[in-house]
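Start from chain A and add chain B according to the hints.
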Amino acid sequence: MSDLGDKGFRQSQAFLHTWSGLLLGWVLFAVFAAGTIAYYREGLNRWMRPELARVEQPEKVLAGAQRFLEGKAPDAKSWFITMPGATSYGAQASWVPQVKEGAPRARRRDNQATIDANGEPAKVRETRGGEFFYRFHFDLYYMPVIYARWLVSVAALLMLVAILSGIVTHKKIFRDFFTLRRGKSQRSWLDGHNATAVLALPFHLMITYTGLVTLAVMLLPWATIATFPKEGAFFEALYPEGEAVERTGRPAPLVDLTAIVRDGEARLGGKAGYVEVADPGDAAARVTVIRSGSSMLSSRTPHITYDGVTGKVLRRSPETGAAVVTAGSMIGLHAGRYSSDWLRFLYFLCGVAGSVMVASGMVLWTVKRREKLPDPTRPHFGFKLVERLNVAAIGGFPLGVAVMFWANRLLPVEMAGRAAWEVHCLFLAWGAALLLSIVRKPQHNWVALLGLTGALLAALPVYNLIATERGLIATILSGDGVLAGIDIGLLVFGAAFLALARRVARHKPAAPRVRRKAVAPAAVAPVDAQLEPAE
Amino acid sequence: MSARGNAAAASPWRKRGDMVLRILAALPIGYAVATLWAIALSVTLPMRPEQATTVGMLVAFAICAVAAMWAFAAKSGWRAVWVLAVAGGVAAALTWIMTRGGGVA
Numbered sequence: 001m002s003d004l005g006d007k008g009f010r011q012s013q014a015f016l017h018t019w020s021g022l023l024l025g026w027v028l029f030a031v032f033a034a035g036t037i038a039y040y041r042e043g044l045n046r047w048m049r050p051e052l053a054r055v056e057q058p059e060k061v062l063a064g065a066q067r068f069l070e071g072k073a074p075d076a077k078s079w080f081i082t083m084p085g086a087t088s089y090g091a092q093a094s095w096v097p098q099v100k101e102g103a104p105r106a107r108r109r110d111n112q113a114t115i116d117a118n119g120e121p122a123k124v125r126e127t128r129g130g131e132f133f134y135r136f137h138f139d140l141y142y143m144p145v146i147y148a149r150w151l152v153s154v155a156a157l158l159m160l161v162a163i164l165s166g167i168v169t170h171k172k173i174f175r176d177f178f179t180l181r182r183g184k185s186q187r188s189w190l191d192g193h194n195a196t197a198v199l200a201l202p203f204h205l206m207i208t209y210t211g212l213v214t215l216a217v218m219l220l221p222w223a224t225i226a227t228f229p230k231e232g233a234f235f236e237a238l239y240p241e242g243e244a245v246e247r248t249g250r251p252a253p254l255v256d257l258t259a260i261v262r263d264g265e266a267r268l269g270g271k272a273g274y275v276e277v278a279d280p281g282d283a284a285a286r287v288t289v290i291r292s293g294s295s296m297l298s299s300r301t302p303h304i305t306y307d308g309v310t311g312k313v314l315r316r317s318p319e320t321g322a323a324v325v326t327a328g329s330m331i332g333l334h335a336g337r338y339s340s341d342w343l344r345f346l347y348f349l350c351g352v353a354g355s356v357m358v359a360s361g362m363v364l365w366t367v368k369r370r371e372k373l374p375d376p377t378r379p380h381f382g383f384k385l386v387e388r389l390n391v392a393a394i395g396g397f398p399l400g401v402a403v404m405f406w407a408n409r410l411l412p413v414e415m416a417g418r419a420a421w422e423v424h425c426l427f428l429a430w431g432a433a434l435l436l437s438i439v440r441k442p443q444h445n446w447v448a449l450l451g452l453t454g455a456l457l458a459a460l461p462v463y464n465l466i467a468t469e470r471g472l473i474a475t476i477l478s479g480d481g482v483l484a485g486i487d488i489g490l491l492v493f494g495a496a497f498l499a500l501a502r503r504v505a506r507h508k509p510a511a512p513r514v515r516r517k518a519v520a521p522a523a524v525a526p527v528d529a530q531l532e533p534a535e
Numbered sequence: 001m002s003a004r005g006n007a008a009a010a011s012p013w014r015k016r017g018d019m020v021l022r023i024l025a026a027l028p029i030g031y032a033v034a035t036l037w038a039i040a041l042s043v044t045l046p047m048r049p050e051q052a053t054t055v056g057m058l059v060a061f062a063i064c065a066v067a068a069m070w071a072f073a074a075k076s077g078w079r080a081v082w083v084l085a086v087a088g089g090v091a092a093a094l095t096w097i098m099t100r101g102g103g104v105a
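These protein sequence lines are chains A and B, in that order. Mapping of the first sequence onto the working numbering: residues 1 to 535, in sequence order. Mapping of the second sequence onto the working numbering: residues 1 to 105, in sequence order.
Here chain A stands alone, though its shape is the one from the complex (with noise of 0.2 angstroms):
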C-alpha cells in the first residue's frame, strides 16, 4: 500500500484523496452541515423568535436602544449596539459596566437586552438562534475553543488536499458531472459524489481555502515573526486606533444616536452594522458608527468615530491597504453576508451539495470496500468503526438539528439555562445516534434516523401554523420572504430526508446477508411505520 512510487501521479493521489478525506471526514461534515445552516443565521434568529415581529422603522428601534440604555446602564464603561435591519427582529443593546475593585466581572448575557421593532425592550424566549450554527462550525461545543479551531483547520486543510487530490484523480471532471447512474449501489454513489463535488466545485476550493484565512493570524503564529516581533504589534499596524481618551468625569448629555448613524452611513457610504458608544454621558463620550458586512465584499469594514456630546467627526479608520483588501474579501467571500437573496440562495444549495459531498464520500469508502472483504458478514474492525461511525455522524447530526428546532418550540419560556438546554438536546440526540449505531445494524440505523428526522423536519412548518402567529400563510400573505422560505425549506428537507429512508428501507444489498429476513419487512412497510425507532 506504501510503495506509492511505484505507481503514476494520479494513483498516489487517489490514495491522498481517500485517506485524507476520511481521517476527520466526521468532523468536516458536521463543519459544512452547520456552516451551510449559518448562511440563513439571521433568519434563524428571528425564525427561533416567533414572538417578535420583524424590523419596519430601523431609526425607531435604535431610538428605544439608546432609550433603554440611558436608564439601564447610564454610567457604563461602554455600550454596544447590533444595528436593526430588515431581516432582523430587532437590536442587541448590550452593556459594559465600570471596572470596580473587588467587584466580580459580570457576565455579558447578564449585560444585554433585546430591543424589539416597537423599541422596547422585548419579552422574547431564551434561545441562541441562528448564531449557534455560525459558533458551532468553528468553535464546536463542550469543548475549549482554541483546540475546537484547531480540530477544525487541520480538518478544513484535509479538506483542502482532499479537494485537490480529488481533482487530479478525476480524469472525465466534466463528463462525469453529466453521469449520473441510479440505482447501481456503488457507481450511484460515485457519480453522487462526482457530481455534488464538480458541480460546485468552485464553491468548495473557495470555501475551505478562505475558511483557513479566516483563522489564519491563530493557524500562523510565526508568520509575523520577522516583521512583528512584539506581541499584539501585528494587529495595531493592521488595525490601528485612535489615541486613548481619559474619562472627564463631567456629566454631559449623549448625541442623539439615529443622527450620528445616519451621518455615518453617508459618510462610510453603506449601512451601519454596529454603534458602539464609549464613556456614555461623559464630556469625553466618543460614538463609533461601524459599516455593516452586508454592504460590501470585504469583512474589514470601516469606521467613523464622533465626538459624543457635539456630534462633530474625530476620526476614520484609514484606509486599508491592497493586501489587507484582499483577505477581508476572502473573508468576507466565505461568510457571504454581502450577498442577496438569490446569491444567498446559491450560497445555501451549494453548502448543501458540499455537505452531500462530504457524506457521499464517507459513504463510498464503505461501499466500495464492502464488496472487496473476505466475509461481508463479519467486516473487520476498521471497516466496522468507519459504518457506524458514518451512520452516527451523518444521520446524527440532522436529527439533533431537528430536534434543536422543536426544543426551540417546546421547551418552557421560563426554563432557566433555556438556551443552553435548545443546544444539550442536539447533542442529546447526536448521542443518541452514536449510542444506537453501536448497539444496531447501520443499515436500520440509516432508515430510523433519516426517516425521524424528516419527519421531525416537515412536522415543523406544520406545528408554526398551528401555535404560532407566523406560520406559512401568514408569513406569506404579509411578504415575509425570511420566515416563510425556513418554513418552506424545513418541509422540502423533510421530504427529501424521508424520501431518503424509504429508499435506503427498500435497498437490497447485492451480497446475500445472512439476516435477509430481519431486512425483508422493512422493504415493503410504508416508511411511516419506520419513523419510531424499534429500540
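Heads up, some of the hints might be wrong.
The calculated lysine-lysine pairs, modelled on BS3-like cross-linking and capped at a C-alpha distance of 27 angstroms, are [said to hold, decoys possible]:
no., chain 1, residue 1, chain 2, residue 2
1, A, Lys312, A, Lys271
2, B, Lys15, A, Lys372
3, A, Lys384, A, Lys312
4, A, Lys372, A, Lys384
5, A, Lys72, A, Lys312
6, A, Lys271, A, Lys60
7, A, Lys123, A, Lys72
8, B, Lys15, A, Lys384
9, A, Lys368, B, Lys15
Calculated directly from the structure, the hints in this document are not laboratory data. Computed from a predicted model, the values in this text were never measured in an experiment.
Just chain B now, with coordinates in the frame of chain A:
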C-alpha cells in the same frame, strides 16, 4: 530512486517507514515549510510590513496543500522529505539575507 522504491516494495517494515516519512513530510514538515515561506515573503515583498505579512499568510495554505500532495507523489518518503527540506531552506536563507542588513525589524 527506483532502487529505493523497489526496496520499499520488498519489506513490510520498509513500507511502513516509507509511509511514516510521507506523513511527516505532508503534515509537520509541510507546515514548517509554509511558515518559513510566510516569513520569507513578509520580509521580501516590496510593501508595508503588515501587507507583506498578510500576503505571506494568504499564500501559506496553498503551500501546505501542495506540500501534502507532493509528499505522496514523490518517488519515496526520503525524497519527499529532502525536497521539502530544501524548499524550507531556501525560504530560511532568503529571510536571513533580507534581515541581515537590519532593514526590517
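Now the hints, each set against the structure:
The straight-line distance between the Cα atoms of lysine 312 of chain A and lysine 271 of chain A is roughly 20 angstroms, inside the 27 angstroms bound, and the hint therefore holds. A C-alpha spacing of about 22 angstroms is found between lysine 15 of chain B and lysine 372 of chain A, which places the hinted pair at or below 27 angstroms, so the restraint holds. For a cut-off of 27 angstroms, the pair hint linking lysine 384 of chain A to lysine 312 of chain A is broken: about 68 angstroms separates their Cα positions. Under the criterion of a C-alpha separation no larger than 27 angstroms, the hint pairing lysine 372 of chain A with lysine 384 of chain A is consistent with the structure, at around 14 angstroms.
Using a Cα cut-off of 27 angstroms, the hinted pair lysine 72 of chain A and lysine 312 of chain A holds, with the two alpha carbons roughly 26 angstroms apart. Only pairs whose Cα atoms come within 27 angstroms are accepted, and lysine 271 of chain A paired with lysine 60 of chain A is accepted, the gap being roughly 16 angstroms. The suggested pairing of lysine 123 of chain A with lysine 72 of chain A holds, with an alpha-carbon distance near 16 angstroms, which does not exceed 27 angstroms. At roughly 25 angstroms between alpha-carbon atoms, lysine 15 of chain B and lysine 384 of chain A fall within 27 angstroms of each other, so this suggested pair holds.
This hinted pair checks out: lysine 368 of chain A and lysine 15 of chain B have alpha carbons roughly 24 angstroms apart, not beyond 27 angstroms.
Hint check: a violation occurs at hint 3 only; the rest are consistent with the structure.
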